[in-house]
Amino acid sequence: MSNRIVTKRQLTDSIYLMEIEAPRVAKASNPGQFVIVKNDEKGERVPLTVADYDKERGTVTIVFQTVGCSTKKLAMFEENDFIMDFVGPLGQASEFIHEDIEELKNKNIVFIAGGVGAAPVYPQVKWFKEHGLDVDVIVGARNKELIILEDELKSVAKNLYVGTDDGSYGFNGRVTDILKDLVENQGKKYDHAVVIGPMIMMKFMSMLTKELNIPTTVSLNTIMVDGTGMCGACRVTVGDEVKFACVDGPEFDGHLVNFDEAMRRQAMYKTQEGKLLLKLEDGDTHHHGNCGCGGDK
Amino acid sequence: MANKMSRVPVKEQDPKKRATNFDEVCLGYTFEEAVLESSRCLVCKKPRCVEGCPVEINIPKFVEKIKERDIEGAAKEIAKNSSLPAVCGRVCPQESQCEGKCVLGIKGEALSIGKLERFVADWSRENKVNLSDREPKNGKRVAVIGSGPAGLACAGDLAKKGYEVTIFEAMHEPGGVLTYGIPEFRLPKEGVVKPEINNIKELGVEIETNAIIGKTIQIDELMNEEGFDAVFIGSGAGLPKFMGIKGENANGVFSANEFLTRINLMKAYLEGYDTPVRLGKKVAVVGGGNVAMDAARTALRLGAETHIVYRRSEAELPARVEEVHHAKEEGIILDILTNPVEILVDENGDVNGMRCVKMQLGEPDSSGRRRPIEIEGSEFVMDVDTVIMSLGTSPNPMITSNTEGLDVNKRKCIEADEVGLTSKEGVYAGGDAVTGAATVISAMGAGKKAAEAIDEYLKQKSLSEC
Chain A
1 MSNRIVTKRQ
11 LTDSIYLMEI
21 EAPRVAKASN
31 PGQFVIVKND
41 EKGERVPLTV
51 ADYDKERGTV
61 TIVFQTVGCS
71 TKKLAMFEEN
81 DFIMDFVGPL
91 GQASEFIHED
101 IEELKNKNIV
111 FIAGGVGAAP
121 VYPQVKWFKE
131 HGLDVDVIVG
141 ARNKELIILE
151 DELKSVAKNL
161 YVGTDDGSYG
171 FNGRVTDILK
181 DLVENQGKKY
191 DHAVVIGPMI
201 MMKFMSMLTK
211 ELNIPTTVSL
221 NTIMVDGTGM
231 CGACRVTVGD
241 EVKFACVDGP
251 EFDGHLVNFD
261 EAMRRQAMYK
271 TQEGKLLLKL
281 EDGDTHHHGN
291 CGCGGDK
Chain B
1 MANKMSRVPV
11 KEQDPKKRAT
21 NFDEVCLGYT
31 FEEAVLESSR
41 CLVCKKPRCV
51 EGCPVEINIP
61 KFVEKIKERD
71 IEGAAKEIAK
81 NSSLPAVCGR
91 VCPQESQCEG
101 KCVLGIKGEA
111 LSIGKLERFV
121 ADWSRENKVN
131 LSDREPKNGK
141 RVAVIGSGPA
151 GLACAGDLAK
161 KGYEVTIFEA
171 MHEPGGVLTY
181 GIPEFRLPKE
191 GVVKPEINNI
201 KELGVEIETN
211 AIIGKTIQID
221 ELMNEEGFDA
231 VFIGSGAGLP
241 KFMGIKGENA
251 NGVFSANEFL
261 TRINLMKAYL
271 EGYDTPVRLG
281 KKVAVVGGGN
291 VAMDAARTAL
301 RLGAETHIVY
311 RRSEAELPAR
321 VEEVHHAKEE
331 GIILDILTNP
341 VEILVDENGD
351 VNGMRCVKMQ
361 LGEPDSSGRR
371 RPIEIEGSEF
381 VMDVDTVIMS
391 LGTSPNPMIT
401 SNTEGLDVNK
411 RKCIEADEVG
421 LTSKEGVYAG
431 GDAVTGAATV
441 ISAMGAGKKA
451 AEAIDEYLKQ
461 KSLSEC
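Just so you know, the protein sequences line up as chains A and B, in that order. To convert, note that position 190 of the first sequence is 190 in the UniProt record's numbering; the numbers rise steadily by one, no gaps. To convert, note that position 330 of the second sequence is 330 in the UniProt record's numbering; the numbers rise steadily by one, no gaps.
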């Protein structure tokens with residue numbers, strides 16, 4: 001519909017928050033879902049998790065890190081600019097919203113976010129809070145600069161544990177170290193973990209929770225094109241089955257996901273992504289002579 | 001005078017040249033060629049060609065108009081039955097439809113009906129013929145889901161009958177398979193598809209893109225909250241099939257849908273567009289339908305050595321003969337009676353070969369085609385670095401799984417009667433969503449039929465409400 005940027009906030013050097021006017025998407029959104037954003041006429045379709053939504057205001061919030069050409073271009077948009085295409089909500093909502101609230105009350109659930117993964121964790125924890133449920137949240141990042149939405153998460157979590165890999169803020173160590181410490185040294189017991197962050201973090205966290213015997217849900221950030229189940233670019237192996245992350249997920253059982261394959265597939269376009277980014281940053285200097293072939297595009 | 005036995009040939013781009021560009025292969029008839037070809041028509045009293053056309057265009061009548069050099073009249077005659085003549089003239093399998101029934105075809109070559117339809121449509125676009133005649137608005141609203149051939153045909157017909165029509169399209173561009181699937185060199189997007197869709201907008205049809213029914217909005221919301229009196233589902237069959245063989249998730253294995261979407265919709269082959277495509281030097285396209293031909297000919301144009309790998313023989317290829325012919329002319333290699341059993345993967349997860357077996361044909365199966373049987377000990381490795389799976393598609397369950405009271409059959413296709421009525425009152429469906437993957441024109445035919453049924457239903461309903 002309108003796709004106007006209502007609010008833009010820079011959360012860190014490289015992480016931005018945007019609240020987008022999209023009444024239909026807002027009305028239909030649930031925690032765990034995602035949207036696809038296409039900046040402009042020649043843009044690509046980029047999946048971004050729904051970081052919040054306000055059904056009355058008719059807005060959806062996205063949080064993204066500038067990791068390549070498209071997210072860098074998106075970060076250049078200002079308030080009141082229009083994003084060309086904004087479609088969603090896509091994917092399955094978090095499994096919890098279908099569960100019995102009374103049964104959920106008896107469960108100890110922990111949400112674990114890595115880096116920009118704190119953004120998609122927020123609406124899920126908020127949903128629990130709104131339904132009178134308490135959950136713990138662990139947030140980790142490489143350094144203090146990369147910790148986002150700390151106040152927001154604090155306002156909805158029962159306990160918030162923050163850590164950094166370099167010890168510049170909070171607990172000194174990775175999110176896996178924090179969880180291990182909570183379970184082994186502080187007597188915490190968890191019945192379920194939801195882990196959202198970089199693929200490698202979700203892999204190691206799933207290995208740990210398997211050891212600790214905690215059922216685990218992860219949210220996979222695969223390559224996508226249409227996001228509606230039409231192409232299979234996002235396919236992943238879960239247990240013995242091939243699944244499409246855009247329609248069957250993005251949330252899956254972390255103990256069944258083939259992370260090594262998923263990470264290899266995620267890196268498929270590394271060279272092309274790098275070239276586009278260089279072009280955006282340095283202008284046309286990296287363009288291939290006059291052959292017109294566009295490199296290995 | 002035209003030779004009664006053989007058709008006026010149509011000019012095509014030279015195979016060597018066209019294999020390196022995305023320009024249209026077939027150049028179409030000139031005015032004089034079209035008039036000459038039209039003079040071959042016998043103007044049958046009981047024209048069998050019309051029976052062969054799923055939307056029953058009055059073929060002898062529009063062909064007569066060409067003969068009289070009244071192309072505007074011919075365009076208006078076609079417009080009575082079809083809203084997408086420039087598309088259908090190009091992509092219909094005429095040999096098994098209108099042209100397949102033409103009596104000239106018994107002793108010689110059938111009238112070139114598709115190329116004549118295309119000529120009329122292209123001429124009327126270039127000469128800005130106004131085809132937007134419509135009845136006065138009747139105040140009733142119909143929602144059409146999907147902007148592919150079925151939805152566009154249904155929407156166009158309903159608009160002509162005075163309905164207020166909104167099409168809801170999941171992608172950012174309308175057109176469905178016309179936009180993301182069929183390549184530029186068979187169906188130009190800017191030159192043909194967009195103007196044809198604009199003609200439908202000229203009739204007053206609204207198109208809302210980025211609206212996914214079943215996710216963004218539900219059918220019940222459309223009917224109960226947004227005031228639509230009826231719904232037509234033309235959501236197609238866009239879910240790709242994979243083989244389920246080892247190595248299929250390797251980097252370098254794509255569904256034809258993904259590959260063609262990146263190229264046709266996202267323009268990954270053009271400088272300045274952000275979507276990447278990764279194509280190696282040796283490509284195998286697995287499958288033998290029209291989509292396989294499209295994917296192979298696209299890969300070839302991106303500079304790859306391209307093979308079609310098909311488990312039956314050339315005679316059983318489901319693709320149109322014209323497409324197979326074009327593909328071979330351009331240098332596509334056919335590896336028939338060959339079936340992949342494993343994709344080989346290197347240490348980085350990239351494709352570095354495809355293990356195949358040779359096949360032979362046995363007895364006919366239930367589809368009437370001879371069943372391919374593996375030849376024991378015939379295993380070999382094809383040296384390829386990219387594999388495109390083109391094994392067919394099935395309907396996407398996104399709408400049906402989110403709509404209460406909408407029945408599907410065991411193939412996940414929507415249950416609908418002969419006019420398109422589903423198990424849900426006021427909800428009609430047609431095209432690939434009902435039949436599974438079929439042709440553009442049969443989808444259009446279903447869209448037309450449903451438009452008539454919706455008109456009938458809403459008229460009855462207002463009578464009973466009086």
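Source of the hints: derived by calculation from the structure; they are not laboratory data. Worth double-checking, as some hints may not be accurate.
[To be verified] In silico DSS-like cross-links for lysine-lysine, where the CA-CA straight-line distance does not exceed 25 angstroms:
no. : chain 1 : residue 1 : chain 2 : residue 2
1   : A       : 243       : B       : 241
2   : A       : 275       : B       : 241
3   : B       : 410       : A       : 270
4   : B       : 267       : A       : 275
5   : B       : 410       : A       : 243
6   : B       : 410       : B       : 241
ask   = Which earlier hints turn out false for this structure, listed by number in ascending order?
value = As far as the earlier hints go, 2, 3 are violated by this structure, in ascending order.
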